[in-house]
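Undergrad: Sequence:
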Amino acid sequence: MPSAYQNDGIEHIYQLLFCDNLKLFSESHTAPEEYPWDVLFATHPENDQLAEILHNPELETRPKILAARMLSDLGVVEPTRKLMGVVIEVGMAEGLDVLAAYEDGSARYINYTGKLIVWDTRTAASDQLIQQLFAAGTIVLSNIGPGDGPRRPSPAAGTVRLNFLVSDGLYFGEGPYEVLQQDQMGGPVINAAVKLMGFLTEQTDQ
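Letter by letter, the sequence shown follows residues 1 to 206 of our numbering.
Quick caveat, the hints were computed from the structure, so don't treat them as lab data. Among these hints, one or two may not hold up.
What the hints assert, rightly or not - Pairs of lysine-lysine residues, derived as BS3-like cross-links and limited to a Cα-Cα distance of at most 27 angstroms, are as follows:
1. K23 x K115
2. K23 x K82
3. K195 x K82
4. K115 x K195
What the hints assert, rightly or not - Pairwise CB distance ranges, derived in the manner of DEER restraints:
5. T123 x P153: 32 to 40 angstroms
6. D48 x T113: 43 to 51 angstroms
7. K23 x E60: 30 to 38 angstroms
8. T43 x R122: 16 to 24 angstroms
9. Y112 x D48: 20 to 28 angstroms
10. M92 x G9: 17 to 25 angstroms
11. T43 x D183: 27 to 35 angstroms
12. D48 x P2: 24 to 32 angstroms
13. D48 x G187: 39 to 47 angstroms
14. L24 x G145: 35 to 43 angstroms
15. Q181 x A124: 38 to 46 angstroms
Every residue, glycine too, gets a C-beta built ideally from N, C-alpha and C.
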């Protein structure tokens with residue numbers, strides 16, 4: 001897959017946002033012996049151990065998504081479809097803008113310039129914005145099915161891709177930014193993402 005960013009470090013963080021490549025996490029994780037990473041990085045983790053990670057309310061979302069992906073690869077699919085993360089990719093002439101938000105209230109924003117914002121501090125304001133994004137995404141999920149095949153390269157200039165990280169796989173929709181922004185389902189997702197992005201940039205500018 002072609003790189004979306006010239007900076008290797010930023011490219012690595014971008015790829016981690018989708019939680020679909022365990023090897024990338026194992027290469028960069030500083031404490032692989034700690035739970036839940038010891039289970040995720042095991043050669044043959046047990047299904048019940050992975051399910052325990054997926055349903056553990058005390059864990060951050062990203063290892064839970066990894067556990068869900070591993071269970072899915074083993075043919076174990078959760079009976080209830082659950083939205084766990086949203087990643088919005090906006091292709092621009094200057095580069096790629098990416099916003100990611102997760103169920104645990106964390107978020108990441110990568111500007112097309114390569115500037116990175118990491119948000120791990122939950123506040124009432126950020127929680128509300130992320131909840132709005134998830135609410136809009138849940139409506140979209142009720143009308144689309146999971147993607148078929150591997151994740152696509154980053155979108156071309158003028159195109160926006162709405163990625164939904166769900167317990168049973170990756171769901172997405174994409175199209176011209178102006179078209180999806182006016183779309184009955186896509187528009188609320190984009191508008192919620194813009195508000196969250198504005199909030200994140202305001203916090204770093206203070």
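Undergrad: Determine for every hint whether it applies to the structure shown.
TA: Okay, the hints, checked on the actual structure:
1. At roughly 24 angstroms between alpha-carbon atoms, K23 and K115 fall within 27 angstroms of each other, so this suggested pair holds.
2. With a C-alpha separation of about 24 angstroms, the suggested pairing of K23 with K82 holds against the 27 angstroms cut-off.
3. Taking the CA atoms of K195 and K82, the gap is near 23 angstroms; set against the 27 angstroms cutoff, the hint holds.
4. The hinted pair formed by K115 and K195 meets the criterion: a straight-line CA distance of about 18 angstroms does not exceed 27 angstroms.
5. Taking 32 to 40 angstroms as the suggested C-beta distance range, the pair T123 and P153 conforms, at roughly 34 angstroms.
6. Judged by the Cβ atoms, the range 43 to 51 angstroms given for D48 and T113 holds: they are separated by roughly 45 angstroms.
7. One distance hint, 30 to 38 angstroms for the beta-carbon pair K23 and E60, is violated here, with the actual separation near 19 angstroms.
8. Roughly 35 angstroms separates the CB atoms of T43 and R122, a value that falls outside the hinted 16 to 24 angstroms.
9. For the hinted restraint 20 to 28 angstroms between Y112 and D48, the CB-CB distance of approximately 43 angstroms leaves it violated.
10. For the pair M92 and G9, the beta carbons lie near 20 angstroms from each other, so the given range of 17 to 25 angstroms is met.
11. The hinted window of 27 to 35 angstroms between T43 and D183 is violated, with their beta carbons roughly 45 angstroms apart.
12. Evaluation of the 24 to 32 angstroms hint for D48 and P2 yields a failure: the beta carbon distance comes to about 38 angstroms.
13. Taken as a hint, the range 39 to 47 angstroms holds for the pair D48 and G187, whose Cβ atoms sit roughly 41 angstroms apart.
14. Checked against the hint of 35 to 43 angstroms, the pair L24 and G145 fails, with Cβ atoms roughly 26 angstroms apart.
15. Checked against the given bound of 38 to 46 angstroms, the beta carbons of Q181 and A124, roughly 27 angstroms apart, lie outside it.
Figure legend: structure checked against the earlier numbered hints; hints not met, in rising order: 7, 8, 9, 11, 12, 14 and 15.
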